[in-house]
Amino acid sequence: AQRVTQPEKLLSVFKGAPVELKCNYSYSGSPELFWYVQYSRQRLQLLLRHISRESIKGFTADLNKGETSFHLKKPFAQEEDSAMYYCAFQSGGSYIPTFGRGTSLIVHP
Amino acid sequence: KAGVTQTPRYLIKTRGQQVTLSCSPISGHRSVSWYQQTPGQGLQFLFEYFSETQRNKGNFPGRFSGRQFSNSRSEMNVSTLELGDSALYLCASSLGAGVADTQYFGPGTRLTVL
Chain A
2 AQRVTQPEKL LSVFKGAPVE LKCNYSYSGS PELFWYVQYS RQRLQLLLRH ISRESIKGFT
62 ADLNKGETSF HLKKPFAQEE DSAMYYCAFQ SGGSYIPTFG RGTSLIVHP
Chain B
14 KAGVTQTPRY LIKTRGQQVT LSCSPISGHR SVSWYQQTPG QGLQFLFEYF SETQRNKGNF
74 PGRFSGRQFS NSRSEMNVST LELGDSALYL CASSLGAGVA DTQYFGPGTR LTVL
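Top to bottom, those sequences are chains A and B.
Quick note: the first sequence, position 28, residue 29 per the working numbering, numbers continuous.
Quick note: the second sequence, position 15, residue 28 per the working numbering, numbers continuous.
Next up, chain A with everything else stripped away, as it sits in the complex:
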């Protein structure tokens, strides 16, 4: 079955430290992968997707097909990055994504 795993429920770092939120998927084909973010009291929204190869708010994510991973990285975390982050996966035959359970990122001052 297609699945996306976020192994960490909680990630706690200090401001200025590098951060990496892990995401692994199980799928043999070419997936579409996304990171969604939910800030406190805001709605869930798209952060970035691998197909765009862009950097949003200093975050990047690279698809590693060999390791079936799509980890989200930022070299210097900011307090405003504190939020819930969801990795989402979509296969070629699906119209809707499958979400991971989410990782809560807390950035301490």
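Some hints here could point you the wrong way.
What the hints assert, rightly or not - Derived CB-CB ranges, DEER-like:
| # | chain 1 | residue 1 | chain 2 | residue 2 | range |
| --- | --- | --- | --- | --- | --- |
| 1 | A | K58 | B | T125 | 40 to 48 Å |
| 2 | A | H109 | B | K70 | 37 to 45 Å |
| 3 | A | G17 | B | L24 | 39 to 47 Å |
| 4 | A | E68 | B | T125 | 39 to 47 Å |
| 5 | B | P74 | A | P19 | 39 to 47 Å |
| 6 | B | T115 | A | L11 | 22 to 30 Å |
To be verified - Here are some chain B residues pointing at chain A (derived, C-beta under 8 Å):
| # | residue |
| --- | --- |
| 7 | G41 |
| 8 | S44 |
| 9 | F58 |
| 10 | R68 |
| 11 | N69 |
| 12 | L103 |
| 13 | T115 |
| 14 | F118 |
| 15 | G119 |
Note that these hints are calculated values from the structure, not bench results.
Glycine included, C-beta positions come from ideal geometry on N, C-alpha and C.
Let chain A serve as the given structure and place chain B on it in line with the hints.
Below, chain B alone, put in the same frame as chain A:
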């Protein structure tokens, strides 16, 4: 464009009752998906509607049902409510045309079952 709207925003019900939640998608979006969000389980997919037809369904009991109208607005109904149904119910809309569509989420309806 106006974003996805959900009504009501908050709801308190008792066990055994039924509830109907409403979602209005972004104009032009034909796909509406429903998710249940809880602290323990995260986001769990309920079902997706496209052009008034249920196109995808998650692993939830038959007490959870939905429908979509010709204007793409969608409703979700939960019958015989249980305590475990307490959650934030999110609606998301997208073009629905294919893979890599961005999902646009509403603010959610917070359902509390007493």
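Okay, the hints, checked on the actual structure:
1. Between K58 of chain A and T125 of chain B the C-beta distance comes to about 33 Å, which lies outside the given range of 40 to 48 Å.
2. Under the hint 37 to 45 Å, the C-beta atoms of H109 of chain A and K70 of chain B, about 41 Å apart, fit the expected range.
3. For the hinted restraint 39 to 47 Å between G17 of chain A and L24 of chain B, the CB-CB distance of approximately 42 Å keeps it satisfied.
4. Taking the beta carbon of each, E68 of chain A and T125 of chain B are about 41 Å apart, inside 39 to 47 Å as hinted.
5. Checked against the hint of 39 to 47 Å, the C-beta distance between P74 of chain B and P19 of chain A comes to roughly 43 Å, which is consistent with it.
6. About 27 Å separates the C-beta atoms of T115 of chain B and L11 of chain A, a value consistent with the hinted range of 22 to 30 Å.
7. For the restraint placing G41 of chain B at the interface with chain A, the shortest Cβ-Cβ distance is roughly 16 Å, beyond the 8 Å limit, so the hint is violated.
8. Satisfaction of the interface hint for S44 of chain B is found here, the shortest Cβ-Cβ separation to chain A being roughly 7 Å, below the 8 Å cut-off.
9. With 8 Å as the threshold, the beta carbon of F58 of chain B comes within range of chain A, its nearest partner Cβ sitting at about 7 Å, so the hint holds.
10. Below 8 Å, beta-carbon pairs count as interface contacts, and R68 of chain B has one with chain A at about 6 Å; its hint therefore holds.
11. Nearest Cβ of chain A to the Cβ of N69 of chain B: about 6 Å, under the 8 Å cut. The hint holds.
12. Annotation: L103 of chain B was flagged as interfacial toward chain A, and the flag holds, the nearest CB pair being 7 Å apart, inside 8 Å.
13. Here the hint on T115 of chain B is kept, as its CB sits about 5 Å from the closest CB of chain A, short of 8 Å.
14. The interface hint given for F118 of chain B is met, as the beta carbon of that residue sits about 4 Å from the closest beta carbon of chain A, less than 8 Å.
15. Using the Cβ-Cβ criterion of 8 Å, the hint placing G119 of chain B at the interface with chain A is satisfied: the shortest such distance is roughly 7 Å.
In summary, the numbered hints that this structure violates are 1, 7.
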